[in-house]
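If you want the building blocks of each chain, they are given just below.
Number of protein chains: 2
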Amino acid sequence: MADYDIFELGNVVLQSGATLRGAKLAYKTYGRLNASKDNAIVYPTWYSGQHTENEWLIGPGMALDPEKYFILVPNMFGNGLSSSPSNTPPPWDRARFPGVTVHDNVACQYRLVTEKWGIERLRLVVGWSMGAQQTFEWGAAYPQMVERIAPFCGSARTSRHNFVFLEGVKAALTADDAFQGGWYERQPTKGLRAMARVYAGWGFSRTFYRERLDIEGMGFASLEDFLVGFWEGLFLPRDANNLLAMLWTWQHADISANPRYGGNFEMALGAITARALVMPGQTDLYFPPEDSEYEVAHMPDAELRPIPSIWGHCAGGPGVNPADVKFIDEALKALLQS
Amino acid sequence: MADYDIFELGNVVLQSGATLRGAKLAYKTYGRLNASKDNAIVYPTWYSGQHTENEWLIGPGMALDPEKYFILVPNMFGNGLSSSPSNTPPPWDRARFPGVTVHDNVACQYRLVTEKWGIERLRLVVGWSMGAQQTFEWGAAYPQMVERIAPFCGSARTSRHNFVFLEGVKAALTADDAFQGGWYERQPTKGLRAMARVYAGWGFSRTFYRERLDIEGMGFASLEDFLVGFWEGLFLPRDANNLLAMLWTWQHADISANPRYGGNFEMALGAITARALVMPGQTDLYFPPEDSEYEVAHMPDAELRPIPSIWGHCAGGPGVNPADVKFIDEALKALLQS
Numbered sequence: 001m002a003d004y005d006i007f008e009l010g011n012v013v014l015q016s017g018a019t020l021r022g023a024k025l026a027y028k029t030y031g032r033l034n035a036s037k038d039n040a041i042v043y044p045t046w047y048s049g050q051h052t053e054n055e056w057l058i059g060p061g062m063a064l065d066p067e068k069y070f071i072l073v074p075n076m077f078g079n080g081l082s083s084s085p086s087n088t089p090p091p092w093d094r095a096r097f098p099g100v101t102v103h104d105n106v107a108c109q110y111r112l113v114t115e116k117w118g119i120e121r122l123r124l125v126v127g128w129s130m131g132a133q134q135t136f137e138w139g140a141a142y143p144q145m146v147e148r149i150a151p152f153c154g155s156a157r158t159s160r161h162n163f164v165f166l167e168g169v170k171a172a173l174t175a176d177d178a179f180q181g182g183w184y185e186r187q188p189t190k191g192l193r194a195m196a197r198v199y200a201g202w203g204f205s206r207t208f209y210r211e212r213l214d215i216e217g218m219g220f221a222s223l224e225d226f227l228v229g230f231w232e233g234l235f236l237p238r239d240a241n242n243l244l245a246m247l248w249t250w251q252h253a254d255i256s257a258n259p260r261y262g263g264n265f266e267m268a269l270g271a272i273t274a275r276a277l278v279m280p281g282q283t284d285l286y287f288p289p290e291d292s293e294y295e296v297a298h299m300p301d302a303e304l305r306p307i308p309s310i311w312g313h314c315a316g317g318p319g320v321n322p323a324d325v326k327f328i329d330e331a332l333k334a335l336l337q338s
Numbered sequence: 001m002a003d004y005d006i007f008e009l010g011n012v013v014l015q016s017g018a019t020l021r022g023a024k025l026a027y028k029t030y031g032r033l034n035a036s037k038d039n040a041i042v043y044p045t046w047y048s049g050q051h052t053e054n055e056w057l058i059g060p061g062m063a064l065d066p067e068k069y070f071i072l073v074p075n076m077f078g079n080g081l082s083s084s085p086s087n088t089p090p091p092w093d094r095a096r097f098p099g100v101t102v103h104d105n106v107a108c109q110y111r112l113v114t115e116k117w118g119i120e121r122l123r124l125v126v127g128w129s130m131g132a133q134q135t136f137e138w139g140a141a142y143p144q145m146v147e148r149i150a151p152f153c154g155s156a157r158t159s160r161h162n163f164v165f166l167e168g169v170k171a172a173l174t175a176d177d178a179f180q181g182g183w184y185e186r187q188p189t190k191g192l193r194a195m196a197r198v199y200a201g202w203g204f205s206r207t208f209y210r211e212r213l214d215i216e217g218m219g220f221a222s223l224e225d226f227l228v229g230f231w232e233g234l235f236l237p238r239d240a241n242n243l244l245a246m247l248w249t250w251q252h253a254d255i256s257a258n259p260r261y262g263g264n265f266e267m268a269l270g271a272i273t274a275r276a277l278v279m280p281g282q283t284d285l286y287f288p289p290e291d292s293e294y295e296v297a298h299m300p301d302a303e304l305r306p307i308p309s310i311w312g313h314c315a316g317g318p319g320v321n322p323a324d325v326k327f328i329d330e331a332l333k334a335l336l337q338s
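Chains as they are written, first to last, in full-length UniProt numbering: chain C, 1 to 338; chain F, 1 to 338.
If you are wondering where the hints come from, they were derived from the structure by calculation, not from laboratory data.
Be aware that one or more of the hints could be misleading.
Computed from the model, here is a short list of chain C residues facing chain F with C-beta under 10 Å [to be verified]: (1) 159; (2) 172; (3) 209.
With a Cα cut of at most 20 Å, we get these calculated EDC-like pairs of lysine to aspartate or glutamate [as the list claims (entries may be wrong)]: (4) C:68 / C:55; (5) C:190 / F:177; (6) C:68 / C:8; (7) F:326 / F:301; (8) C:116 / C:8; (9) F:190 / C:177.
Being a predicted model, the structure only gives us computed values, none of them experimental.
Just so you know, even glycine gets a beta-carbon here, dropped at the ideal spot from N, CA and C.
When you get a sec, could you build the whole thing from the sequences and use the hints?
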């Protein structure tokens with residue numbers, strides 16, 4: 001029994017020029033849309049994550065309270081539930097799955113929100129990491145619709161350094177001959193494990209490792225136990241082509257890649273009229289605070305509030321550190337009341 | 001015609017318990033040892049580097065001036081010139097090459113310096129990155145012999161985060177089936193290229209990439225041109241087992257792994273009586289300044305002087321940024337005059 005629904009998008013022409021035929025957007029909702037349709041929140045997923053992996057920030061008494069809000073979690077294309085290399089029929093399957101941008105994702109989420117429910121205003125868009133990238137995109141692409149955004153541990157455009165980090169992840173995954181250029185019948189597990197190890201150095205901070213939080217904080221028995229148990233365990237169940245599809249989306253994230261802005265990044269930032277609370281992780285190694293500072297400086301109604309955490313990128317999720325969850329949750333509460 | 005010499009070490013019993021039989025230490029000297037034998041400087045090599053790749057910091061008018069000093073550059077074991085997986089005869093060749101520590105390296109360098117030349121005091125030991133690790137080791141293992149040390153962009157012990165970064169490098173290299181567990185007849189070029197891409201995100205800083213110094217500073221035509229031309233070009237000519245042997249050395253670097261200190265890191269740091277100038281790169285992603293701060297705080301005669309550079313780890317080498325070379329060279333001049 002699937003715990004989510006599918007919105008049939010039909011044929012979607014993508015920014016890359018390809019068409020995603022019979023596109024499907026998988027989503028889950030929490031809470032009820034009220035009569036005036038003004039209690040909706042959109043909360044997109046992160047790299048490789050699915051809607052259930054967003055639930056650590058949803059709950060009674062939390063900012064994202066299903067008793068007050070109608071919370072919609074759309075699954076990002078490529079994540080295995082929405083249209084992905086692993087679930088798209090030939091000839092557009094696997095290695096032929098087209099490049100889907102963050103803009104494409106959000107345009108389809110917009111259709112879901114407006115066509116299915118007739119929602120005209122969103123109380124909030126919020127997300128972690130690539131979820132933050134989709135959040136920025138909502139603000140830039142549909143400024144009239146979004147009252148508030150809260151992107152955390154993410155950026156409005158993928159930086160060149162972040163792009164290079166991802167090149168390393170991709171190279172490790174595809175170095176495995178079992179990948180077969182994407183035409184594998186069995187997952188390239190050696191490559192998946194290799195990419196997990198590459199990721200491990202980036203996902204948490206230097207201080208996290210120095211203070212042995214893999215052991216003292218997360219309860220693993222040793223560093224190797226953590227590398228296998230947390231990191232390999234995170235990526236091994238995922239499909240390689242799906243991971244590469246989302247990686248492509250990530251590498252091409254740019255809110256100004258939109259005819260309205262013509263590649264002018266500062267203009268796109270300036271168009272985000274939503275009240276914005278931008279929360280980088282203070283020790284995030286690949287979405288560093290200085291990129292968020294630049295973005296906030298070019299947005300008309302934005303506040304920068306770094307998460308004072310030594311958990312690196314994982315200050316933002318997926319709910320691994322209770323103190324960070326509390327910080328984010330309280331910030332969202334205040335934002336929603338403003 | 002080789003431009004270096006070989007010091008025959010005989011059979012060397014290693015910290016790992018193995019014996020490096022017929023061990024060879026390749027080295028090159030610059031300048032002449034004076035009659036009182038008090039003008040010697042040791043300048044070990046870095047990860048994957050050979051003596052010629054240290055020469056950017058040697059020259060007339062520079063701190064390391066061959067007209068004044070006798071500069072000895074010992075090649076690290078595993079680098080293809082000193083005993084390495086690629087040049088050791090069976091049965092200790094290739095994947096069977098034993099683990100060699102930084103301590104083992106320096107103990108052999110000590111023999112070269114004392115047995116071959118009868119040198120009793122070193123004016124300076126200096127090095128970048130793993131060369132810095134050997135420099136710290138000289139200070140801790142032979143405190144009576146070393147007057148000054150100048151480790152830059154390196155650490156006295158490999159941090160847990162740095163260890164994890166290297167796990168990613170190793171996983172990418174060995175994910176290539178052509179590696180064949182180290183028993184390849186042809187180099188695993190896909191794995192070498194993958195490790196180069198993993199390395200690319202770590203070797204330079206986020207600001208380096210943000211300011212497009214790959215293009216504006218180093219003259220590459222594009223980011224991809226840089227990834228292939230600089231990074232793949234750096235590692236592709238090297239032997240995979242050699243790279244893994246040096247990576248093992250790096251992961252196990254620890255000046256306190258010495259019977260004298262019994263794993264007490266602070267005690268080992270406290271034993272470094274040499275005047276020390278410790279220069280981390282201000283934006284180094286894997287040998288971060290905070291680790292150097294800790295070390296300096298526990299050393300009796302040490303000064304911390306971060307290299308004010310946005311070139312990340314490559315602030316320290318191999319001579320890619322003239323401003324950084326000047327900063328390091330001037331610091332070394334002052335240190336040598338002190």
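How the hints compare with the structure:
1. Of the supplied interface hints, the one on residue 159 of chain C holds, with its beta-carbon coming within about 6 Å of a beta-carbon of chain F, less than 10 Å.
2. Interface hint status for residue 172 of chain C: upheld, as the beta-carbon distance to the closest one in chain F is roughly 4 Å, under 10 Å.
3. For residue 209 of chain C, the interface hint holds, since its Cβ comes within 10 Å of a Cβ in chain F; the closest pair sits about 4 Å apart.
4. Proposed proximity of residue 68 of chain C and residue 55 of chain C is supported: the alpha carbons are some 16 Å apart, at most 20 Å.
5. Between the alpha carbons of residue 190 of chain C and residue 177 of chain F the distance comes to roughly 9 Å, so the proposed pair stays at or under 20 Å and holds.
6. Proximity of residue 68 of chain C to residue 8 of chain C is assessed by CA-CA distance (about 28 Å); at most 20 Å being required, the pair is judged violated.
7. This hinted pair does not check out: residue 326 of chain F and residue 301 of chain F have alpha carbons roughly 24 Å apart, beyond 20 Å.
8. Proximity of residue 116 of chain C to residue 8 of chain C is assessed by CA-CA distance (about 10 Å); at most 20 Å being required, the pair is judged to hold.
9. Taking the CA atoms of residue 190 of chain F and residue 177 of chain C, the gap is near 9 Å; set against the 20 Å cutoff, the hint holds.
Of the hints listed earlier, those the structure fails to meet are numbers 6, 7, in rising order.
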